[in-house]
Amino acid sequence: SQELEQSPQSLIVQEGKNLTINCTSSKTLYGLYWYKQKYGEGLIFLMMLQKGGEEKSHEKITAKLDEKKQQSSLHITASQPSHAGIYLCGADPGAQKLVFGQGTRLTINP
Amino acid sequence: DGGITQSPKYLFRKEGQNVTLSCEQNLNHDAMYWYRQDPGQGLRLIYYSQIVNDFQKGDIAEGYSVSREKKESFPLTVTSAQKNPTAFYLCASSSRTRNTDTQYFGPGTRLTVL
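Line by line, the protein sequences are chains A and B.
Going by this note's numbering, the first sequence wraps up at 1247, each residue one higher than the last.
Going by this note's numbering, the second sequence wraps up at 115, each residue one higher than the last.
Where hints are given, some of them may not hold.
Stated by the list, open to error - Here are the computed lysine-lysine pairs in the BS3-like style, where the Cα-Cα straight-line distance is at most 27 Å: (1) A/K1175 <-> A/K1205; (2) A/K1175 <-> B/K10; (3) A/K1234 <-> B/K10; (4) A/K1234 <-> B/K58; (5) A/K1154 <-> A/K1193; (6) B/K58 <-> A/K1173; (7) A/K1154 <-> A/K1164; (8) A/K1173 <-> B/K10; (9) A/K1197 <-> A/K1175; (10) A/K1234 <-> B/K84; (11) A/K1164 <-> A/K1193; (12) B/K84 <-> B/K15; (13) A/K1234 <-> B/K71; (14) A/K1164 <-> B/K71; (15) B/K58 <-> B/K72; (16) A/K1173 <-> A/K1193; (17) B/K15 <-> A/K1234; (18) A/K1234 <-> A/K1154; (19) A/K1201 <-> A/K1175; (20) A/K1173 <-> A/K1206.
Claimed, not checked - For the chain A half of the interface with chain B, some residues (derived, Cβ under 8 Å), not all of them: (21) F1182; (22) L1225; (23) D1229; (24) K1234.
Unchecked claim - Take a look, some chain B residues computed to stay more than 12 Å from chain A by CB distance: (25) Q18; (26) N27; (27) E70.
Keep in mind that the hints were calculated from the coordinates and are not lab data.
The C-beta atom is built at its ideal place from N, Cα and C for all residues, glycine as well.
Produce the entire structure from the sequences given, and follow the hints as far as they go.
The following block contains the structure:
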């Protein structure tokens, strides 16, 4: 079965700094999803990547899928307090359902 | 507005009782899903349904039951057989289009067993 490993598990950065979250898969990724979750709330869809080398951006968040399609990174530029939360990657193992990483908890200090 | 609603937001249950969590969507999505989230962990799939009157077990279906009588609704029952039901429960739906299967999530229900 496909497993996703996120790193780091927890991240504390100062407001204005850049940061990167990684998601590594045990198998080839055929669809990689990034979500954000505020504590006690549902998941908000951020971006989906499918092709090797693909890169997408939304506001100050950029997600990339490597050429081998086994690792994805989420990069936040000039972090703001609104970026705080839990970031989860999810993958489609081809079984019409998603598997998720354990999440990365991001804290932004003023 | 289109979206997914879950109710109640908080639910308390005594041991030995069954409880039902509601999930409704007006996005006209075919597929619906139930996940469980425990502190510091990712989401684990309980049940999913790709079409009305059909559903499949996920990775942790024991102690749970579902029904899919209407396209818009996918209620989850947590039975007394579930050994450790205290968790955050998330419902999701997707349109199952050819090229993408993005899942959209409801706000969640936090279940606590007293």
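Going through the hints against the structure:
{"no.": "1", "hint": "A/K1175 <-> A/K1205", "result": "violated, 31 Å"}
{"no.": "2", "hint": "A/K1175 <-> B/K10", "result": "holds, 15 Å"}
{"no.": "3", "hint": "A/K1234 <-> B/K10", "result": "holds, 25 Å"}
{"no.": "4", "hint": "A/K1234 <-> B/K58", "result": "holds, 11 Å"}
{"no.": "5", "hint": "A/K1154 <-> A/K1193", "result": "holds, 20 Å"}
{"no.": "6", "hint": "B/K58 <-> A/K1173", "result": "holds, 26 Å"}
{"no.": "7", "hint": "A/K1154 <-> A/K1164", "result": "violated, 32 Å"}
{"no.": "8", "hint": "A/K1173 <-> B/K10", "result": "holds, 19 Å"}
{"no.": "9", "hint": "A/K1197 <-> A/K1175", "result": "holds, 18 Å"}
{"no.": "10", "hint": "A/K1234 <-> B/K84", "result": "holds, 25 Å"}
{"no.": "11", "hint": "A/K1164 <-> A/K1193", "result": "holds, 22 Å"}
{"no.": "12", "hint": "B/K84 <-> B/K15", "result": "holds, 13 Å"}
{"no.": "13", "hint": "A/K1234 <-> B/K71", "result": "holds, 20 Å"}
{"no.": "14", "hint": "A/K1164 <-> B/K71", "result": "violated, 35 Å"}
{"no.": "15", "hint": "B/K58 <-> B/K72", "result": "holds, 18 Å"}
{"no.": "16", "hint": "A/K1173 <-> A/K1193", "result": "holds, 16 Å"}
{"no.": "17", "hint": "B/K15 <-> A/K1234", "result": "violated, 32 Å"}
{"no.": "18", "hint": "A/K1234 <-> A/K1154", "result": "violated, 35 Å"}
{"no.": "19", "hint": "A/K1201 <-> A/K1175", "result": "holds, 22 Å"}
{"no.": "20", "hint": "A/K1173 <-> A/K1206", "result": "holds, 21 Å"}
{"no.": "21", "hint": "F1182", "result": "holds, 6 Å"}
{"no.": "22", "hint": "L1225", "result": "holds, 6 Å"}
{"no.": "23", "hint": "D1229", "result": "holds, 6 Å"}
{"no.": "24", "hint": "K1234", "result": "holds, 6 Å"}
{"no.": "25", "hint": "Q18", "result": "holds, 23 Å"}
{"no.": "26", "hint": "N27", "result": "holds, 16 Å"}
{"no.": "27", "hint": "E70", "result": "holds, 21 Å"}
The structure is inconsistent with the numbered hints 1, 7, 14, 17 and 18, although it conforms to all the rest.
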